[in-house]
Amino acid sequence: MKHSRIVITGVGLTAPNGNSLGEFRQNLLRGVSGVERIELRYIGPVPAGVCHFDQLKYQKKKEVRIGTRAGGISIYCAREAVQDSGLKWEGLDKNRVGIYLGITEHGNVETENEIHAISLFKYDTKFWSHHHNPRTVANNPAGEVSLNLGITGPAYTLGAACAAGNIGLIHGAQMLRLGEVDVALAGGVSESIGTFGIFAAFKSQGALASHDDPKKASRPFDKARNGIVVSEGGCIYTLERLEDALARGARIYGEIAGYYINSDATDYVLPNPERQSECVRRAIVHAGMTPADIDIVNTHATATPQGDIQECQAIGAVFAGLAEPPHINNTKSFIGHAMGAAGALELAGNLPSFQDRIVHPTINVDELDPQCDIPGLVLNQPREAKRVDALLNNSFGMLGINSTLIIKRFIA
Amino acid sequence: MTKEECKKLVLDIIADIAPDEDLGNVKPDVKLRDQLQLDSMDFLDIVMELRKRHGIEVPEADYMQLASLDSCAEYLTPKFNAASTGKA
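Protein sequences appear in the order of chains A and B.
Just so we're aligned, residue 1 is where the first sequence starts under this note's numbering, counting upward by one.
Just so we're aligned, residue 1001 is where the second sequence starts under this note's numbering, counting upward by one.
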């Protein structure tokens, strides 16, 4: 079966350290962290990645009041992605536009807020808001984009824990190949810093980061790493079939070369390096490549003591013995773990490397953990690469879901 | 509480429910829906805020009493006064 070639023609994002691809990339190259300390209900002060985009750029105040933070992030990213793509929006058939957004979770923030609100009224449920259901349905972020942009094609989310950002993109590409839509707005979003439950659960699990300096709290591969910094964020791509993009003379950021999604089937929480390396290997095969063709590997590593080691084992096994191993970096060291947005945002951080051949580093590695010391790590300072033709993006999630996405330089 | 004070409290709620609206020239005798962007969900929010902020219940059968500022004042002022004297 011959597949259509799928290309990226627009990027819209908000990250804790940037509200556009240009700003985000500049801060990744300059070593600027976006992690700060917030005060969270019941938790107190905790490091977190907070986005500072202008929510009123594309929404009325009333829409912000009624909608969710995830919806607002999605609208901002989708609008920016459409604008960046140069699509002639007015004449476009909105039935043929799909919205596919990866989420780690949705509804925790709104449910916790409502429970807190009725706690002020002795838990009398007559004070429970009628907005609760439209805010907490799992398709909320995609649905808010459809309302805001008047998109009448399919709009839904894909729940895939922290592998979701990659999976949003993969699903968008699949729907384009099936001919279901002509334009896919695909990626991932997170509003998770609004839910104390996620922080508290990571803390109970011994997996929540802490540090006196919040900017140093997210430190994958460092010997002193002590867990995850939870973040919000979003990244949505405009995807099109190559022939459509060429016909309208679109700028092409890169081409979806291959991907793979698999499951560990071993544990609720603990990763499985064997399945992870299988996921990476099969994605490379799916792309028609060999490990030597990969130039940058963006790791999922979240700075948990065990998870980082296991991913390094998985990657090390795939690329072992190469004379020139790929450059390996990590974006969470700058922005924390943007949950459902992580895969999509982390890919965006590396996309400009096709143009400038610079690889952004992993920051906050003061003392590299010897168990994470695999060939190719780019630490603390950006590195110039001889060649950047293929990016490999890992995102893994709870319940053992793994995703690997490979983007290649577009060559006609 | 006077009817004018009651209207002010209702407008305070509407300012939060419909934050994009200019409330400087709301005509008290004209239906709120005819001069502001308010839908049925917004009226549910107004009812909820009356309950939360002021302990006032508006049964569904009486929702039409909230149509204009004048009708709000007519209907709600006695409820506010009853609430403040503990007779609600």
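Be careful, since some hints might not be right.
Partial list, derived from the structure: chain B residues whose beta carbon lies under 8 Å from chain A [said to hold, decoys possible]:
no.	residue
1	Ala1015
2	Leu1044
3	Met1048
4	Arg1053
5	Ile1056
6	Ala1067
Between beta-carbon pairs, the in silico distance windows are [what the hints assert, rightly or not]:
no.	chain 1	residue 1	chain 2	residue 2	range
7	B	Lys1027	A	Gly150	29 to 35 Å
8	A	Asn226	B	Asp1022	18 to 24 Å
9	B	Glu1060	A	Gly150	29 to 35 Å
Honestly, the hints are just simulated from the structure, not real lab data.
Beta carbons are placed, not taken as given, at the ideal position from N, Cα and C, and that holds for glycine.
Quick check: does the Cβ-Cβ distance between Lys1027 of chain B and Gly150 of chain A fall within 29 to 35 Å? Taking Cβ atoms as reference, Lys1027 of chain B and Gly150 of chain A lie about 32 Å apart, which means the hint holds.
Let's test the interface hint: is any C-beta of chain A closer than 8 Å to that of Met1048 of chain B? holds, 7 Å
Classify the hint on Ile1056 of chain B as holds or violated, based on whether any CB of chain A lies nearer than 8 Å to its CB. Status violated, d = 13 Å.
Taking 29 to 35 Å as the stated bounds, is the beta-carbon spacing between Glu1060 of chain B and Gly150 of chain A within them? Check passed, 33 Å falls within 29 to 35 Å.
Assuming the hint says 18 to 24 Å, is it satisfied by the Cβ distance from Asn226 of chain A to Asp1022 of chain B or not? violated, 51 Å
Can you verify the interface hint for Ala1067 of chain B: is its Cβ closer than 8 Å to any Cβ in chain A? With a minimum Cβ separation of about 20 Å from chain A (threshold 8 Å), the hint on Ala1067 of chain B is violated.
Is the interface hint for Arg1053 of chain B satisfied, with its Cβ closer than 8 Å to some Cβ of chain A? Arg1053 of chain B check fails; min Cβ-Cβ to chain A is 11 Å, beyond 8 Å.
Hold the hint about Ala1015 of chain B up to the distance rule: shortest CB distance to chain A must be less than 8 Å. Result: violated, 10 Å to nearest chain A Cβ.
Does the nearest C-beta of chain A fall within a distance shorter than 8 Å of the C-beta of Leu1044 of chain B? Given a least distance of 5 Å, the restraint on Leu1044 of chain B holds.
In the structure shown, a violation is registered for the earlier hints numbered 1, 4, 5, 6 and 8, in ascending order.
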